[in-house]
Amino acid sequence: MRGATHAKWAACAAAVALAATACGGGGSSGGGGGDGSAVLSASWGDPQNPLEPANTNEVQGGKVLDMVFRGLKRYDPKTGKAQDMLADKIETTDSQNFTVTVKSGWKFSNGEAVTAKSFVDAWNYGASLKNNQKNAYFFGYIEGYDKVHPDSGSQSAGTLTGLKVTGTDTFTIKLTQKFSTFPDTLGYAAYSPLPSTFFSDHAAWLKKPVGNGPYTISSYTKGSQMQLKKWDGYTGTDKAQNGGVTLKVYTDNNTAYTDLMAGNLDLVDDIPASQLKNVKSDLGGRYINTPAGIIQTLAFPYYDKNWNKSGSDKVRQGLSMAINRDQITNTIFQKTRTPATDWTSPVLGTAGGFQDGLCGDSCKYDPTEAKKLVQEGGGIPGGQVKITYNADTGSHKEWVDAVCNSINNALGNDKACVGNPVGTFADFRNQIGQHKMTGPFRAGWQMDYPLIQNFLQPLYYTNASSNDGLWSNKDFDKLVNQANAETDTSKAIKLFQQAEGVVRDNMAAIPLWYQNGSAGYSDRLSNVALNPFSVPVYSEIKVS
Amino acid sequence: MGRYVIRRLLQMIPVFIGATLLIFLMVNVMGDPIAGLCGDRQCDPATAAQLKREFGLDKPVWQQYLTYMGNVFTGDFGTAFNGQKVTELMSTAFPVTIRLTLVAIVIEVVVGIALGVVTGLKRGRPIDTGVLLLTLVVISIPTFVTGLLLQLLLGVEWGWIKPSVSPDATFSELIVPGLVLASVSLAYVTRLTRTSIAENRRSDYVRTAVAKGLPRRRVIVRHLLRNSLIPVVTFIGTDIGALMGGAIVTERIFNIHGVGFQLYQGIVRQNTQTVVGFVTVLVLVFLVANLLVDLLYAVLDPRIRYA
Chain A
1 MRGATHAKWA
11 ACAAAVALAA
21 TACGGGGSSG
31 GGGGDGSAVL
41 SASWGDPQNP
51 LEPANTNEVQ
61 GGKVLDMVFR
71 GLKRYDPKTG
81 KAQDMLADKI
91 ETTDSQNFTV
101 TVKSGWKFSN
111 GEAVTAKSFV
121 DAWNYGASLK
131 NNQKNAYFFG
141 YIEGYDKVHP
151 DSGSQSAGTL
161 TGLKVTGTDT
171 FTIKLTQKFS
181 TFPDTLGYAA
191 YSPLPSTFFS
201 DHAAWLKKPV
211 GNGPYTISSY
221 TKGSQMQLKK
231 WDGYTGTDKA
241 QNGGVTLKVY
251 TDNNTAYTDL
261 MAGNLDLVDD
271 IPASQLKNVK
281 SDLGGRYINT
291 PAGIIQTLAF
301 PYYDKNWNKS
311 GSDKVRQGLS
321 MAINRDQITN
331 TIFQKTRTPA
341 TDWTSPVLGT
351 AGGFQDGLCG
361 DSCKYDPTEA
371 KKLVQEGGGI
381 PGGQVKITYN
391 ADTGSHKEWV
401 DAVCNSINNA
411 LGNDKACVGN
421 PVGTFADFRN
431 QIGQHKMTGP
441 FRAGWQMDYP
451 LIQNFLQPLY
461 YTNASSNDGL
471 WSNKDFDKLV
481 NQANAETDTS
491 KAIKLFQQAE
501 GVVRDNMAAI
511 PLWYQNGSAG
521 YSDRLSNVAL
531 NPFSVPVYSE
541 IKVS
Chain B
1001 MGRYVIRRLL
1011 QMIPVFIGAT
1021 LLIFLMVNVM
1031 GDPIAGLCGD
1041 RQCDPATAAQ
1051 LKREFGLDKP
1061 VWQQYLTYMG
1071 NVFTGDFGTA
1081 FNGQKVTELM
1091 STAFPVTIRL
1101 TLVAIVIEVV
1111 VGIALGVVTG
1121 LKRGRPIDTG
1131 VLLLTLVVIS
1141 IPTFVTGLLL
1151 QLLLGVEWGW
1161 IKPSVSPDAT
1171 FSELIVPGLV
1181 LASVSLAYVT
1191 RLTRTSIAEN
1201 RRSDYVRTAV
1211 AKGLPRRRVI
1221 VRHLLRNSLI
1231 PVVTFIGTDI
1241 GALMGGAIVT
1251 ERIFNIHGVG
1261 FQLYQGIVRQ
1271 NTQTVVGFVT
1281 VLVLVFLVAN
1291 LLVDLLYAVL
1301 DPRIRYA
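These protein sequence lines map, in sequence, to chains A and B.
Under the working numbering, read the first sequence as residues 1 to 544, first letter to last.
Under the working numbering, read the second sequence as residues 1001 to 1307, first letter to last.
Excised from the complex, chain A in its bound form (with noise of 0.2 Å):
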């Protein structure tokens, strides 16, 4: 904030001649005491696809329905624990039927009331093929799914046959198979409710959403910002807490960092990689960086012959051990990674089934063993490891090259790995889903909720949505499909750590570090935390 506010007179009169408006001063950020009317601005990106809930796969576009949207269930923004929210009760007695009971009294802030009909209605239009929803495998453990959405060629039925309204407040829930921990990812923003006038007016909705939670959109300006402000009709507990946020989209995270030296913006959710050296001496304690549910891991290709043969685990562990993940997450990422030493990621909790440690030795560093290990494996198929990753985004090419750097000094071999960057994400994702790898490649995974389930069986199940090597272990899978069916979730929870067992034995993907997210803000907030899925919690911010 270097001197940006106290001489802002001096300079707005220094600058006449040089911008002449520019000198409004916090503009749209600025009055406001501590009556909880005041705005706060924040970075944003411009979200990729349409804004409706089941369409919306990344993290721009979700903080929005974070903020718009309130489904059954919600996660604690603290623990990721999934509470209830618009559920009175979610009841079952085989953990395949379940009966919900939605809480009355709510309303979408354009009056309309919430009710069993606003859910099922939402979750056929998000399953049903003809919508192009990319989050519609949500709805996939529901029957009637492979009517609704079939695999190939059209649809046969316009609704989920597992879905049934049975009052105003009352729906069941039939899956297709044992699901017990099902209740908690409804609080996924893909199984936000809709109101009726998503549907009639379609056009007029997505240009401006309408929701039930605590803020409305009053403005949106697509691809350049978004006004929201507080809605005073909200039913909820969790009320916000300021008087709205402005979502201002930026081309590029460094100059919402400078904006928010400049004193012109209040939170930047992205800390640029380059500014993490300075970011602590530029912001004291008005730096946050807490664990988020990412985990990045090596993945490899099963369906290759050379990488999928008897010793191949051993390879695969010895590749493990030379990584020097220390180093690399202080050096490279500033400590805004943590060296992974298991399979899943540190906000689950010990009791969400979080074990720190399960990996063991096979994720220290240890250069000799690893080299030993390797050889014994059969050395490196082909001779080179070539990690292939995305270059547009994200700065992979510094980590990939600092892994195979670690290789390659552990190995003894200067040529024992290379990175091998692909131009952009969407190629590296055809060149993926062509099943066209040939050694390791980046897989990183942001979680859907906080279950130990999504952690393990989207990636690792026998052709799972996300099982982008092709790795398939009967052991696993059955063990996976126990601990569906369990409807003692502590239980379930330990039967799903057997099967991240069998994944370590198996060295099925090297786990390389959980990411965290990094915020930092202006000193004009208070209470500012990021949740699990490392977007701030907004509603809970406190603008002075």
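Simulated from the structure, these hints should not be mistaken for laboratory data.
Careful, some of the hints might be misleading.
Unchecked claim - Listed below are the simulated DSS-like cross-link pairs for lysine-lysine, each with C-alpha atoms no more than 25 Å apart in a straight line:
#, chain 1, residue 1, chain 2, residue 2
1, A, K178, A, K89
2, A, K208, B, K1085
3, A, K130, A, K103
4, A, K207, B, K1085
5, A, K81, A, K314
6, A, K178, A, K478
7, A, K436, B, K1052
8, A, K130, B, K1212
9, B, K1052, A, K130
10, A, K239, A, K314
11, B, K1059, A, K436
To be verified - If we take Cβ atoms under 10 Å as the criterion, some of the chain A residues that face chain B in the derived model are:
#, residue
12, G144
13, K147
14, P150
15, V249
Cβ coordinates follow ideal geometry from the N, Cα and C atoms, glycine included.
Starting from the structure of chain A, add chain B where the hints point.
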């Protein structure tokens, strides 16, 4: 003159088709754009197939190109992945970039030509050497360095301007970004004008004009400058297109939501519709600017008019 204009207009057709085809092919070579839409996971095959059908990506490239060009002539530039019409994106992005380009061009023309005339007339004097050195410095420093430096000094350290431009992007907010964008071209304009003025100063028609006893001001503006401007006009004309397309760096630094930002987003998200649409318009801008330059020649020097 009329035939000349028509001939130039006809020449634009193959250039236009060639340029758009090239861009179309290049973006398509980058792979399947739908694969990047689902984040770090595979799109479910049914939705991916349907999206492809909707964006027309399931057809062979030549067919995509023909359909696309057919639509373009009816004013339909397709839909971006976030559900917005590309024409809608253009209507928000182009005004901003045009304003930015205007600011840059005005700075370039006014300051550049003025400095060029002064240095050209005072060749070898300290002011000439000083400006020459200065232009050398400006040319050798990359735009993003100038941009970041000005942003840091004026925006953060001294607080004279806001470091970022608001969505409205008014003229006054665009002065500093415009200056940054113009800086390199400005230096070239100065140098071009200087050389041209210095050369023509000793020509016969200037000597005649002086001998006729015309006032010094008239000699410089009507005779000397008018004849010296031809290379400068060529440069500025081609520069209009370059500035509009090349604003990516400046727009990123100052958070300007213009053409550069949309193109960048389009490329990163591999959105063929956005990239090809914007480039098509930029190609048109280039062609029209070049045509204007050629027409201006004729105005400046009657000898160049053909037929």
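Quick one, is the A:K147 hint okay against chain B at 10 Å, beta carbons?
Since chain B brings no Cβ nearer than about 12 Å to A:K147, farther than 10 Å, the hint is violated.
Quickly compare the C-alpha distance for B:K1052 and A:K130 to 25 Å and report which way the hint goes.
holds, 13 Å
Hey, A:K436 versus B:K1052, does the alpha-carbon distance stay inside 25 Å?
holds, 21 Å
Min Cβ distance, A:V249 to chain B: is it shorter than 10 Å?
holds, 7 Å
Tell me if the straight-line CA distance from A:K178 to A:K89 falls inside 25 Å.
holds, 19 Å
Take the C-alpha atoms of A:K130 and B:K1212, compute the straight-line distance between them, and say whether it is at most 25 Å.
Violated - the C-alpha atoms of B:K1212 and A:K130 are around 82 Å apart, more than 25 Å.
Under the criterion that the straight-line Cα-Cα distance not exceed 25 Å, is the pair A:K207, B:K1085 satisfied?
holds, 13 Å
Given the hint that A:K208 pairs with B:K1085, does the C-alpha gap stay at or below 25 Å?
holds, 16 Å
Please verify whether A:K81 and A:K314 have alpha carbons no more than 25 Å apart.
violated, 37 Å
Does the nearest C-beta of chain B fall within a distance shorter than 10 Å of the C-beta of A:G144?
Since chain B brings no Cβ nearer than about 15 Å to A:G144, farther than 10 Å, the hint is violated.
Please work out if B:K1059 and A:K436 have their alpha carbons no farther apart than 25 Å.
Given pair B:K1059, A:K436 holds - Cα atoms ~23 Å apart, limit 25 Å.
Take the shortest C-beta to C-beta distance between A:P150 and chain B; is it under 10 Å?
holds, 6 Å
Of the numbered hints given earlier, the model fails hints 3, 5, 8, 10, 12, 13; all others are met.
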